[in-house]
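Undergrad: Residue strings, one per chain:
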Amino acid sequence: MKISLNWIKDFVNLDGISIKDIWYRFTMSTAEVDDVAEMGKDIRNVVVGKVVSVQLHPTSAKLKICMVDAGEGMIQCVCGAPNVREGVLAPFAKEGGSIKKISEVKKVVVSGVDSCGILCSASEIGISDNHEGILILDGNYKPGTDIKSIIAMDDVIIEIDNKSLTNRPDLWGHYGIAREMAAIFRRKLKPLEVAENLENSNLPYLNIKIEDTRKCYRYTGLQIDNIKTRISPLNMQVRLYYCGMRPISLIVDLTNYLMLETGQPMHAFDKRQIDGIVVKSTDKPMKFKTLDGVERNIPENVLMICNHEKPVAIAGIMGGENSEVSGDTSGIILESANFEGASLRKNSTKLGLRTEASARFEKMLDPNLTALSVKRFVKLLKDVQKDVVISSDMTDIYTEPLKPIQITIGKPYIDKYIGNSISPEEIVSILKSLEFGIVHEGDTFTIDVPSFRSTKDITMKADIIEEISRIHGYDNIVPKTIEVALQPLDYNETRLADHRIRELLSDKFAFSEVNSYVWYNSTFNSSIGISQRGNVRLLNPHANDMDTLRDSMVPTMLEFAEVNRKAYDEFSIYEIGGVFNAPDIKSKCEEHKNLCALMGSKIKDEDSLFYNLKGITTAILGNLKNIEPEYTAMKQPDIETSPWIHPVKSVEVRFGKRCLGYIFAVHPQIKQQLDRKLNLAFVELNLAEVHAITQKQVKFTEPSKYPGVTLDYSFLTDKAVWFDRVKADIGNYASSILTGFEFVGIYSGKGLPEGKKSMTFRFTIGSRERTLASEDINDFTGNFLKYMEEKGYTLR
Amino acid sequence: MLERLNKLKSKAEEDISGISTLNGLETLRVNYLGKKSELTEILKGLGGLSPDERKQVGMEANNIKNLLNERLTEKSKELGINAVKQDISKVSDFDITLPGSLYPAGSLNPVTIVQREIEKIFTGMGFSIVDGPEVEDDFYNFEALNIPQHHPARDMQDTYWLENGQLLRTHTSPCQVRAMLKYGAPLKIIAPGRCFRNESTDASHENTFFQLEGMMIDKNVSIANLIYVMKLLLSKVFNRDVKVRLRPGFFPFVEPGFELDLNCTICGGTGCPTCKHSGWVELLPCGMVHPNVLKYGGIDPEAYTGFAFGLGLTRLAMMKYGVGDIRVFNSGDIRAMKQFGTR
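Taken in sequence, the protein lines are chains P and A.
Taking the numbering used here, I'd label the letters of the first sequence as residues 1 to 796.
Taking the numbering used here, I'd label the letters of the second sequence as residues 1001 to 1343.
A hint or two may mislead.
Said to hold, decoys possible - Estimated spans, in silico, between C-beta atoms of each pair:
#1 D1325/A x K635/P: 39 to 47 Å
#2 H542/P x E1117/A: 30 to 38 Å
#3 S1200/A x R246/P: 27 to 35 Å
#4 E1117/A x H440/P: 46 to 54 Å
Derived by calculation from the structure, the hints in this document are not laboratory data.
Glycine included, each C-beta is placed from N, C-alpha and C at the ideal position.
Could you put the whole structure together from the sequences, leaning on the hints where they help?
TA: Following this line, the structure appears as structure tokens:
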């Protein structure tokens, strides 16, 4: 919303306060000022010029040569405006002056003729968009008079974001802003001058009926005739223009001016179209042409203003073409009404039509504004044309009077809430300046909320605290530390565990953490052969191919593989993020966090990536929970539901009954679609399952005092024999001195018999009682190798 | 015999001082002091001499043996030092400028880094960290935060709605209500997490971003406390004293509500394009918890008061690292991520 400082100064004297201070304090106490524009600053040395003579230009048909009396003798200038003629007065920019787009007016030669100044259009002096001709000034001004003494073009316009005024219906007009200024600077607010005696029972009462009283609280109407003036005063036009509205005609401009001044939207109907107003909701869909010439589909249950049965306006939103004022209108029915905010907002959303009026009604305006604004309208109209005729009694239908709000609040409560003590005198003075009624007795304040703050804004004690503290100034509140009871802190163990995983992956294993979007990109998914999946759907996605929340993070990571595959031959990334699922699209969503880590390489084969991730998974779970997970073959149905899982190179990660997730090389089909040369392997863990595991206690064993011996042996086996079997067989060997063994490596290739592979293990033998003698070692070796031979493993 | 010893002594001393290699020195040691050396032979043959001669020659031979041992040790030290010097001179072309071995380094998302920093600050002040779901119910995201149906504030949130009637949380504030219902008062929590707004993305707008919610409820929590804690937080975050200002801001779940502005870090408050020439940067919305919200959380607003705030983690990460385009954070582009390291 744009606010004119000149307008504010109509109601409150701000002398002695700098513009900077005015808007800073407003920002600090009321709402943030987005922008400050100094209007008229770039217009200099423009005076009233009288066009004394007009001659045709010798070579150009469009141009005229004018002699202008600018107060100090005749000045010749060339003018192209179609409306320039002898005898008129217009703004004249003298040599050395400045207007819009021309920072210094200079003597120029136009098609061979000297021109020493410019006769200006309204747009050239910045008070309108109109550039059709020069601005012809009505009135008896002396040539040479500074234009700024006639037109109030020097002004400061500030802009406030409408969003920051959502909760303040009283600030949607200049008068409300002026009231705020008066409170902030403790200056006096002048009363709004209005026309009196509009309640006149000698005049006919208008025929107005409110049928839907829950949606229209108040409707004030007045008939005015004999309006002959068509154009609004220049200064009114300038204010409208500065505040972002286009001047149209006196009647329309006045309704707009009132809306900007009091905040009350008004509408003028051509009296010839109206003889009985009914406010009611549509009972069936209909078509209606609004005054902007658009035919609109009005659905059922939208509040309309009707002339008897015939709709003439969409209540609170926009008038109809059938009843709008036109060039020959001299009699009007003025509407000043109060509508319920929420239903009006709904209507405006349904129609896709938001107007200055609807934006205000949505905020729940003060119902007392309706009559006040009618009176103000008449006052301003009469200022322009004295002899307008008021031809009806001011008709005021007020069915649902606003309930007054009274709040009682204690001084200790105020002090406790603010944390600083504010004197009772200041509290009273602040609330009075905001026009609250206040009675102070003992420690208690009894406060009457004014109607313009009572529609929704102020309802309880905390609201009063806000009023006191913001006008007192938040900057004046002294910060204070807090005294609280000492308590042990509840750590969020799962979050700490997530951070541990991040540290391990990023610090130890050199992965990069990424963040992503929680919805699938189905265009990408289908491009690599992943069909539509997931039951959690967005109703209003920003893109149609992103309407499903992910139930796995693998597709997201595949997308990131696509992002990075060109820049890197090898990369490792991971994310800890939400995944979502539901039995069907109408059911409530189940969500938990997953860890998804991806290793991609054009150098290493996918087998080693797979084993890397298996090792990393073991390390993470060992670190977090001191456990060793089991890795088991995947179940067929799981492979089917996850098309990215390699049917052979994949394992389930388990601990006891819990399935923690999967490790797998990417399915060859997907790999083919993405990048044949890029090997990819994944681990995806359900962190809810991981976090649910109880950390295993460390069990300490005293290291032996006697040195042990390590022995490396490689065994030949058939290729079909898996590590697990060999491990189990070794584990089953009973020996009192075999204290442990570990896997060293596997080899299959040159030098081995066809169909064989070689597995190397390192065995540790030792005793807790003595140093082993060489006979002990020889005994063990002999017996153990014989055992292995019997099991089918030949020493290589 | 003594003469023979003297000759031996001077010959040996001469030989030792003339030798230049450790190997040569070892040969001398064997020659002069070994089992088969002349000196050992003389000592072995002492038994054949007269008692007087035996005493004299024995003493002299042992003296010479000790002396030679000493000489050998000295010489060995001297040669050792020389040998090391020589070895070092051989490697004088060692290139210290070759790069160190390459160890791969990982990285954390910058939002994680900033988030952990703030978690640390608040954990240090005794705040617990809580989590909430990303898919929320209308109740927690709106209603319990004093944003009823058709409230204009719902428009400002640009909500992603789900087919099942739920929504993607538009802020971390639902965690306030969940925490109140779960723990009651007094309460000190922060809740970092991912939020969603259905708006078109550009360099400064994202539909997916991170916030950190904070809330403190106790018997006497005041506006003055709120200002204190916020100043403390920001001086920790920016690692220096900061100038802040509190001005009115409207959020339905707080009353009064504030916008906290930070003195512009770019221009220091004199005005620049970053702060739109105001000298201040809007940083975090905060306020005193609305009595209705306390009621929804099962807490008596007459007995307890509290403050709450919402910090834009993504925005903070942008400020901290000078990231100009917010979309970088969700891009998955390792070239960007690697720059942030892990601390």
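Undergrad: Against this structure, judge whether each hint is valid.
TA: We went through each hint and held it up to the structure:
no. : hint                         : result
1   : D1325/A x K635/P: 39 to 47 Å : holds (44 Å)
2   : H542/P x E1117/A: 30 to 38 Å : holds (31 Å)
3   : S1200/A x R246/P: 27 to 35 Å : holds (29 Å)
4   : E1117/A x H440/P: 46 to 54 Å : holds (48 Å)
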